[in-house]
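S.K.: Sequences listed follow chains A and B, in order.
Residue 201 in the working numbering sits at position 136 of the first sequence, and the numbers go up by one each step.
Residue 95 in the working numbering sits at position 80 of the second sequence, and the numbers go up by one each step.
Hints in this document: simulated from the structure, not taken from any laboratory.
Errors might be hidden in some of the hints.
Stated by the list, open to error - Computed beta-carbon distance windows for the label pairs:
no., chain 1, residue 1, chain 2, residue 2, range
1, A, R283, B, T110, 35 to 43 Å
2, A, A132, B, A65, 56 to 64 Å
3, A, D293, B, N83, 43 to 51 Å
4, B, D101, A, R298, 54 to 62 Å
5, A, P280, B, G59, 35 to 43 Å
6, A, D153, B, R69, 50 to 58 Å
7, A, R308, B, S109, 49 to 57 Å
8, A, S217, B, N83, 37 to 45 Å
9, B, D42, A, V299, 36 to 44 Å
Unchecked claim - Here are some, though not all, of the chain A residues that point toward chain B, as calculated from beta-carbon distances under 7 Å:
no., residue
10, N191
11, Q195
12, M196
13, T226
Unchecked claim - Short derived list, chain B residues pointing at chain A, Cβ under 8 Å:
no., residue
14, A64
15, A82
16, A86
17, D87
18, T111
19, K114
Note that the Cβ used here is the ideal one computed from N, Cα and C, for glycine as well.
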Amino acid sequence: MKILVPTKRVPSTDEGVRIRPDGSGIEDAAAAYIINPFDAIALEEALHIREQRGSGVEVTAVAVGNANFESELRTALAMGADRAIRVDFDAALDPWSVAQVLAAIVRREKPDLVLMGKQAVDDDSNQAGQMLAGLLDWPQATFASKIEFLESVRLSVARETDRGLETVIVRLPAVVTTDLRLNEPRYASLPALMKAKKRPIETISHRDLGVSPEPKVRIVHLEQVAIDRVCVRVADAAELVHRLRYEAKVI
Amino acid sequence: MSILVVAEHDGAHARPGSFSALAVARDLAARSGERVELLVVGSGLDSVAADAARFAPVIVVDQPLLANPTADRYAQIIADVAKARDAVSIIANSTTFAKDILPRAA
């Protein structure tokens, strides 16, 4: 069984990001980068499936981006991925163009399952997995919080929805996107990270795949939201009413 | 040319969030002159359709197989209806229902 885990390199949400003065994007050099947490959850799940099965499962991590993306792929290898592929690409991507590249990788690698984060924490799009499933005409199960094999070709997936947990059954091959409650990813140990530096990462050009990803969405402007509020503590309800009526003039 | 609003429902009524989406659609249409239409998909939709029809023309796709929203079927229907109705935009309220289905329809 082959599991493909698309991963994305994203700025760490713990450190602040700085926006370029012209609003065209974030300051790349200043940001600390990590593997998208939702993708780490997907990878953890793939590794868990491999451990449960004992053998016969190959887990491949894939990333679409420039050479900087190799560091997150090495994290994936250190966590336990069998292989890592980088599709070399160094221009703007949107969920649509990412889905096209991933579809080409799927046609090449022929996985039984694509397991990926439901969204990336830099843009929160939550679209690429669904678009990929649509392009491949595969079943999809999004926002997964529990995955179980019914037989080797059918999965039961509990999905987190606004109304509670919904369980769907999908037949492989399928695209499953992962939500936060699915698992807690393991940390890559330092020895594993050191070993991963020597592991090969297969690099493919998007041209070799036959895709020229053209984003349909262009980011026009980025700006920091200015929060301009002042909190005031009041002594009691009477003071609150007084302030609302005579100062804020809203009642 | 039209703007298609994908309404979410509970089997009896359209969910309130669908009307937020409708408001956005009307706002866009006011500037560009497209007609606004509501799309309701599912099974046993007479009550939902009647409820939705109070606000805008409704396109109803009613089939037993569509009783539960599955992304593959619903996305196909939304795409087909959008093409048939010459839709320039598809609008929906940002819920897990729409987030699951609309990107695939796109």
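S.K.: Now tell me if each hint is right for this structure.
M.R.: Consistency of the hints with the structure:
1. R283(A) x T110(B): 35 to 43 Å: 26 Å, violated
2. A132(A) x A65(B): 56 to 64 Å: 59 Å, holds
3. D293(A) x N83(B): 43 to 51 Å: 46 Å, holds
4. D101(B) x R298(A): 54 to 62 Å: 57 Å, holds
5. P280(A) x G59(B): 35 to 43 Å: 41 Å, holds
6. D153(A) x R69(B): 50 to 58 Å: 54 Å, holds
7. R308(A) x S109(B): 49 to 57 Å: Given about 35 Å between the Cβ atoms, the range is violated.
8. S217(A) x N83(B): 37 to 45 Å: 25 Å, violated
9. D42(B) x V299(A): 36 to 44 Å: 38 Å, holds
10. N191: 5 Å, holds
11. Q195: This interface hint holds because 4 Å falls under the 7 Å limit.
12. M196: 5 Å, holds
13. T226: 4 Å, holds
14. A64: Since the shortest Cβ distance to chain A is 21 Å, the answer is violated.
15. A82: 13 Å, violated
16. A86: Status holds, d = 5 Å.
17. D87: Given a least distance of 6 Å, the restraint on D87(B) holds.
18. T111: 4 Å, holds
19. K114: 5 Å, holds
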